[in-house]
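Protein chains: 4
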Amino acid sequence: MKNSFGNSITVTLFGESHGVAIGAVVDGFAPGIEVDEAFLAAQMQRRKGLSEISTKRRETDEVKILSGVFGGKTTGTPITFFIENAAQKSADYGDLHATPRPSHADYSAYCKYHGFEDYRGGGHFSGRLTAPLVAAGALALSALEKKGILIGTHILECATLRDKGFGDYAQDIAFLKQADMPVLKPEAREQMLQVIAKAREVGDSVGGILETAVIGMPAGVGEPFFDSLESALSHAMFSIPAVKGVEFGLGFEIAKHLGSKVNDPFDMQGEKVVTTTNYNGGINGGISNGMPILFRTAVKPTPSIFKEQQTVNLKTRQKATIKIKGRHDPAIVHRARVVQDSLTALVLCDMLALRYGTDYLA
Amino acid sequence: MKNSFGNSITVTLFGESHGVAIGAVVDGFAPGIEVDEAFLAAQMQRRKGLSEISTKRRETDEVKILSGVFGGKTTGTPITFFIENAAQKSADYGDLHATPRPSHADYSAYCKYHGFEDYRGGGHFSGRLTAPLVAAGALALSALEKKGILIGTHILECATLRDKGFGDYAQDIAFLKQADMPVLKPEAREQMLQVIAKAREVGDSVGGILETAVIGMPAGVGEPFFDSLESALSHAMFSIPAVKGVEFGLGFEIAKHLGSKVNDPFDMQGEKVVTTTNYNGGINGGISNGMPILFRTAVKPTPSIFKEQQTVNLKTRQKATIKIKGRHDPAIVHRARVVQDSLTALVLCDMLALRYGTDYLA
Amino acid sequence: MKNSFGNSITVTLFGESHGVAIGAVVDGFAPGIEVDEAFLAAQMQRRKGLSEISTKRRETDEVKILSGVFGGKTTGTPITFFIENAAQKSADYGDLHATPRPSHADYSAYCKYHGFEDYRGGGHFSGRLTAPLVAAGALALSALEKKGILIGTHILECATLRDKGFGDYAQDIAFLKQADMPVLKPEAREQMLQVIAKAREVGDSVGGILETAVIGMPAGVGEPFFDSLESALSHAMFSIPAVKGVEFGLGFEIAKHLGSKVNDPFDMQGEKVVTTTNYNGGINGGISNGMPILFRTAVKPTPSIFKEQQTVNLKTRQKATIKIKGRHDPAIVHRARVVQDSLTALVLCDMLALRYGTDYLA
Amino acid sequence: MKNSFGNSITVTLFGESHGVAIGAVVDGFAPGIEVDEAFLAAQMQRRKGLSEISTKRRETDEVKILSGVFGGKTTGTPITFFIENAAQKSADYGDLHATPRPSHADYSAYCKYHGFEDYRGGGHFSGRLTAPLVAAGALALSALEKKGILIGTHILECATLRDKGFGDYAQDIAFLKQADMPVLKPEAREQMLQVIAKAREVGDSVGGILETAVIGMPAGVGEPFFDSLESALSHAMFSIPAVKGVEFGLGFEIAKHLGSKVNDPFDMQGEKVVTTTNYNGGINGGISNGMPILFRTAVKPTPSIFKEQQTVNLKTRQKATIKIKGRHDPAIVHRARVVQDSLTALVLCDMLALRYGTDYLA
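Chains as they are written, first to last, in this note's numbering: chain A, 801 to 1162; chain B, 801 to 1162; chain C, 801 to 1162; chain D, 801 to 1162.
Hints listed in this document are in silico derivations from the structure and should not be mistaken for laboratory results.
Here the structure is a predicted model, which means the values were calculated and not measured.
Warning: the hint list may mix true and false statements.
Quick list of in silico lysine to aspartate or glutamate cross-link-like pairs, EDC-like style, CA-CA up to 20 Å [to be verified]:
no., chain 1, residue 1, chain 2, residue 2
1, A, 848, A, 836
2, B, 1119, A, 1071
3, C, 1119, D, 1071
4, B, 1061, A, 980
5, D, 964, C, 836
6, C, 1056, D, 1053
7, A, 998, A, 987
8, B, 1061, A, 1108
9, B, 864, B, 834
10, A, 1125, A, 1108
11, D, 848, D, 990
12, B, 1123, A, 990
13, D, 1061, C, 1108
14, B, 1056, A, 1004
15, C, 964, C, 1001
16, C, 946, C, 1053
17, B, 1056, A, 1001
18, C, 1115, D, 1067
19, A, 1115, B, 1071
20, A, 985, A, 968
21, B, 1056, A, 987
22, B, 964, B, 990
23, C, 1056, D, 1001
24, A, 1119, B, 1067
25, D, 864, D, 834
26, B, 1061, A, 1001
27, A, 1056, B, 1004
28, B, 1119, A, 987
29, D, 864, D, 837
30, B, 977, B, 837
31, A, 848, A, 980
32, A, 1056, B, 987
33, D, 1115, C, 1071
34, C, 1123, C, 1001
35, D, 977, D, 836
36, A, 1056, B, 1053
37, D, 1061, C, 1001
38, B, 1107, B, 1001
39, B, 1056, A, 990
Use the sequences and the hints to build the structure in full.
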């Protein structure tokens, strides 16, 4: 499959940036889960990002639920999240089809779809497609929260700036949930806003690293050999446009150390088995071990910049230059974190439902 | 699914380290592909690693093909690779069930399987399970090579030592194919062997970073939104025991740069569209763009070390110590590279067969 | 999965009878296929059935395509067919939740969804859900027709009346395509209309047997052992509400005969291998053999009848009676044939795309 | 997928009639299920059929379990059932490749696999491939029995002879479990054995109809819209070689009746909701309703007969005749019933595990 993922709970995504609508169908959610519309709306708002550093495209992004919810609760049949495209300005994109934007999907999509793809605004490859995933994720996050499973993501790095890591997980996750800019160190917030603003001024863009923590996950969840928790989560993360790396626990850093330094010793904490360190990010052998799950993604700088760039003309087969117009974000890390939370929640709901049955989340 | 992956071509893995046998069933391969038994045997040998730095467990690892091959060629029906477990010494592992080894799957598997898991030698979680994947991968690598698609992996880092990156891809891949130690810089070979030998001496272990290149991949392959090439490849890579990170192109490094520095400009090379840099690792929007596919994995130091470690006793629910005995590798990067090549090949075969039909590889 | 089917091409269905909308997302169709809107509209009309014997619920059933089509052609990304529910009269169904209708999904859905299901008008189990499948099927039928693969379904039996079987397949299929009542024997048409009208008069319902023929199918398609053509087609057919039997070729009748009577001898017809009889319905070993594919489904009489029926009250746990109100068909065979054609086309498109690649249908 | 089926529990089948071995990998079974080796052996014996009317090919069919069982109990990791092919006499089949046997898979497989298929003895399409399914099914049947879910199949029809239908389900299923010939009416047993013996004498074959009942199934299981219980069961049944029809409850007969005659009225039986008739075979809307699940399959006469038959020579492209030699059954219904029980059990285990979690069967 391509635009669907999941086993027990599946998500199917549809739409293009400048088509009629975008949406997602979520199938397999337990019946009887309350839909928290206020939280859903708040998540959609968070995805839009801080107005001072985000795109000027002002979609209302009003989510309609077309099916699968009755009397405010899930029915157990497919839930369809639907968002109309109101503000598309297709004229801005007309000439991009012949001259693909560097580091966008334009050229590779052209090769795959033979030129029939809806190229306007990136079409099916637009970051806009993450909006219905956030809507679907809001439901998943709510359901997990009722089970005591909490998820939070912060910007660990933005360009060359660095936030501090997680301290008290529960407290930090609660803080991030309501933060307009997901940064744990107060001074990092200002610095990052400045570096983003500066990139915008010069028509450039910056990337960053997002770090996600999950607490309250029961031990024993994951489906190795091939559906390890790492495999399932990275699969979802790499579908977020712009993500070029995923690492768990110490990640790439772990490769530099001796086994004796980075093995996580076991200990008892009352009746609970814990590890005294968590270099493996809460996962051993692809299965949760009850410690916080910790992972990071590398988000490349948004490829839509306003500087003149070199490209080719696919019709004339000649070198060409391109200058992108329209409305584009100088950074997306602060917006992508909501997508990361959402996909994490959907993957974990699927894994939990597969393990404990489809009624588990009810 | 769990022990199967793939859409058009599927791989199903079975077995435990100290059970009767391990194996893999590969379904969906085109009929008429010649089975290169010499190459298969050579790959199995490469997976064993250099004798001076590898485990003393000397399995013959003789691969029998039980089905799906007739007259030396694939039939189109499931191919079963089968390896008997000859050399198991189960007595070495008997006491591990109560006292899980730090950073192994012992404890998380215990939580998932309620103690019914075959714990001997890591059971289903043993690195030994990668042997049938290498056998299956040999077939995939051969089939891809006939299509001009070549794959090679080297040890970019081992502990704190560093190899040089890929230069001339075709030449480097050819070199790696026959190298006993997959390192591109001659002096790095000796240094790495020394650091591994030293870790062994002190009963410790080291990790590393593996870098894989794929050349000859046609543009237009990948199944976004959710089965992006990155998603499919990382999914497979994170099933390799010990992998804790996967990154494409510049990877985590890309997050530090401005968009204008790391966008890959397009250019014409004769009739072919190319990019002048390849910071995206040959993939845009989850689809191959015709440039070399480049990615790296972080391999943690093998958790089996011979130093005394802290753990708990799951029966008494008390703190305990453990000293692992038996035969264990002080490093697996030089062996894991064959697994990485193999899984890469299997994923790409699946993607190509899905795109171009099941007869494509014939 | 549940509300999705298919491997290379997948169909995801959503919606409830009295919800906001119903629809289907079709993923994996080749780019560049022309969307024949007139044919799509005609198929939707055919699904409504002859007005004199069909439900008085007059939905406009206007299909909007929300995504995946650009400039009148498929883009290769998910195609969403969307139908708003305009005419629902929920008041008619309010009391059914406590007193399940005999032979409907009411009670079994209640057990599965714990009472949270949208019970109005059958909810997700309504025959209305077949409307988006017909829309999706129209695209599949058009694409297959361009490949010379033609599909037609007639009412072989209605109650105790019988149509004649297929004669000249191409001619019969062409006739059925434009027939308002899909019957091959002229006099059977009138008789069947009468038996249906009579059932309506007395508040009862009739069932029937639908027979489908596919011609032009290449030999060698099907994915046994488990995805035989029969398995794939029956899987889809049994998802049509009211279907209780599926048989291929001679079907159940074949069990009464000697092997020597019902084996299909091979013969040459010019350069083509054919069979002189077709008791196996064009499928041997789960794979097409190039002869017409022939199968029949048993469609039970619609359970919605207007006579008083015995049921139970799920709240009081007592025996109860029910008298169904509202708008219901005395027969659905003449409407279901369009659904049968549509699902057949979708299954074959999937099988062909898996075999010959995703561009095959372009 | 092709040689795998299932969602939460998957079965992967491999092997050819005259290859090294055949087998099945079952993944997803709960840990801690006892393996009843005596029952497994008994089922394998039942599959061989009564010696007086079955093939003279006397395979020992000894099942080895290669993985997934430890200390007599399932571990939760893949279970591999393995059967060596000992008695193959390939010389008997050598000339069949050019002259396909009527109504066998020979020709359609040739089209699919381009002549690379292992044609000896039917290769992957041999009825022999059902042996590992029976081994896997034995485990499933045992696990279901512990949950109070019982399955039994009898020969409802053999050629033109007819057994009586199920009476007291529990009693009949217990009787069938130990019957050497699965017939409920004593006199039907002798008659059927005679009709089969007579077919053998004249080198011909007979078919039949198998009827399966499942009792103890909880209400609320099934995954419509597309994975209805009927869809899932028929999908599996149509993978049994020779099955050409599947019907539930009244099946094709239901199409002849008025709704008022075949709707199943609800009633209370103590605290339990029941239906007073069971024309729908225990399934409404694709979901179990708590009544016995009842279905029938049409098994065609075995195509291997000893009379001269017309075929074509695929090399010369001319008409030809063929006279099949070797060891073949004049009937397989009495053997296929074990396969039908086994696949039914595997499908239900999968559905139950998906619904109630992977530990449900433990």
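Out of the numbered hints, which ones does the structure contradict?
4, 5, 12, 15, 16, 28
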